[in-house]
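Here is what each chain is made of, one letter per residue.
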Amino acid sequence: MYKDNREFMKALEAAGELVTIDQEVDWDMEAGAIVRKVCEDKAPSPLMNKIKDYPGHRYLGAPLANYRKLAIAMGMDPDSSIPEIAAEYLERTNREPVKPVIVEKDQAPCKENIITGDDVDLFTLPAPMVHEGDGGRYLATWHFVVTKDPDKQEVNWGMYRQMVYNSKIMTGPLFPFSGGGQVFHGKYVPRGEAMPFATVIGPDPLGAIAGSAPTAIPEPEYTGQLLGKPVELVKCETVDLEVPANAEIIIEGYILPDVSIEEGPFGEYTGYRTSPRDTRTVYQVTAITHRNDPITTISNMGVPTDEGQLLRSFTLGLEMDRMLRNQGIPITGVYMLPESTHHLVVVGVKPLYTNIAAQIAQTVFGSSLGMWFHMVVVVDDKTDIYNFNEVLHALSTRCHPVNGIHVWQGVGTPLYPFLSAAERKKSVGPKVLFDCTFPLDWDPLSEVPRLVSFKTVYPQEIQDKVLANWEKYGFTK
Amino acid sequence: MARYDVFINSLADLPEGKEVQLAIRDLSPGIHKYCYQDVLAMVSPDPEKYDEKMQVRYGRGQAHPQLFSIKIQENVERIPERWR
Ligand SMILES: Cc1cc2nc3c(=O)[nH]c(=O)nc-3n(C[C@H](O)[C@H](O)[C@H](O)COP(=O)(O)O)c2cc1C
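In order, the protein sequence lines correspond to chains A and B. So for the first sequence, the numbering used here puts the first residue at 1; every next one is plus one. So for the second sequence, the numbering used here puts the first residue at 1; every next one is plus one.
You can trust all of the hints, since none of them are fake.
Simulated crosslink set (PhoX-like; lysine-lysine; CA at most 25 Å straight-line):
#1 A:Lys168 / B:Lys33
#2 A:Lys229 / A:Lys111
#3 A:Lys99 / A:Lys235
#4 A:Lys235 / A:Lys105
#5 A:Lys235 / A:Lys187
#6 B:Lys33 / A:Lys52
#7 A:Lys229 / A:Lys10
#8 A:Lys465 / A:Lys455
#9 B:Lys33 / A:Lys50
Each pair of labels, with its calculated beta carbon distance range:
#10 B:Glu16 / A:Thr279: 21 to 31 Å
#11 B:Glu74 / A:Phe388: 50 to 60 Å
#12 B:Gln62 / A:Tyr473: 49 to 59 Å
#13 A:Leu392 / B:Glu19: 54 to 64 Å
Treat the hints as calculated values from the structure; they're not laboratory data. A virtual CB, placed ideally from N, CA and C, is assigned to each residue, including glycine.
Could you put the whole structure together from the sequences, leaning on the hints where they help?
Okay, here's the thing in structure tokens:
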């Protein structure tokens, strides 16, 4: 497993998933455009070695925007299947949490350069202008923000975007339903106190996955579970927090409780600039520390597939899997489609009782994960949830338009492109269930339609014979 | 080329002949490009009325087809005193 993003990049390169660009790239949209096209083409991650105006700085774009890169991040064979990666992820995160260790400053590469006080200027870092029309330069797009509960001392790592406002201020949406946001809005704001934060740019890939994953386990320990060993942390310079010692860039400071300043608009994971420009959370910066030749990581949100869509789908789906199994619901698996910008989740279930699909939908929509998606497709245990053709066929043939589609008025994020401005303000989130199971009271022999496929209508010996002779018939394997 | 730009919800946010508080971005080339400034300013839909040209953008980033002009009167500090 990789101790940092640099080791991960070597593994990406070995698997043909890294392209090194030595010609100069402009931070003003060119780098963003490269990363966007990489996401849309599912191409290797670009390492950009020369950035206009920023000698000595580098970019890594789209570090985890396909399943091969995710498998590599997990230390698995790049060609592992999605269910294999999912099983490994669940197995590791079902183990005991692994507490981090603190290392001394001289062991921490992220302290190779330390800038504090009046010398702090966020514009000395190459925050890219990711898309034309964005509200500003986004320094933090593939990163996490470290905060701590002042009472319980529990640490949170959350991936919350940050825009450079001026030399010492960043702004961004720290929603009250996020881990860091709950502590800020629930504790610091009522007390009128500023909340210490540290933004970690260019973390190791598993730390980034933890920062964007919906987990109740403190993320340093969750990263330790994924890593199979303790994460190495080092104390910050100006705030009482710890950050990964091997990260590329650290921005320290305080989140102010009594002022909000404009942020956005920004290209978002839904594939649109949806949230309008608005006043949002203010991060006041007190220090910057970074490695030599630091590598700023860039994720470019837009139409699928970027790492936000891929990883959020992956981790949201697997948390649902864990939750539904814990509830004793006989699911066969959960798969959230990254192509749906984590809005559509497919759940396979053994339909043991009538209306089990409604129970599944209500459970997942009612959970803390339910803010982020609004479509649940429930298929039976014979449908391969990872096979898009099978799922689309089930949806188009087994879901009764009157009896099988159920609509609720629930809670959602303000980022849904289809919501009106008024709905967004009220966190309205309409939800829909597509029940693609045949009614249980239909007689299986005389009433349930027979699925006509190679796998289902031919005797096993005929299937075996055809498969054994496939190449002899003249087909390629 | 505009020297500044500004994001608005509607053109009513830019009344002519009246001092308005705006968060504008400096578009001058260099490392500080896109740095925000909080200002009190006079603005006009006539791109020649004041010295500096200003691009106007709507809340989701779309650019207004015509340039405005702007005259900055003074800078404004928005961070409360106790955090400065
Ligand atoms: C690239 C990226 C950007 C994100 N930006 C935000 C954001 O600005 N605000 C937010 O609340 N969540 C954002 N999210 C989602 C959170 O990272 C996600 O909900 C995560 O679980 C947060 O951790 P938490 O549960 O500790 O809050 C983003 C996710 C990704 C992948």
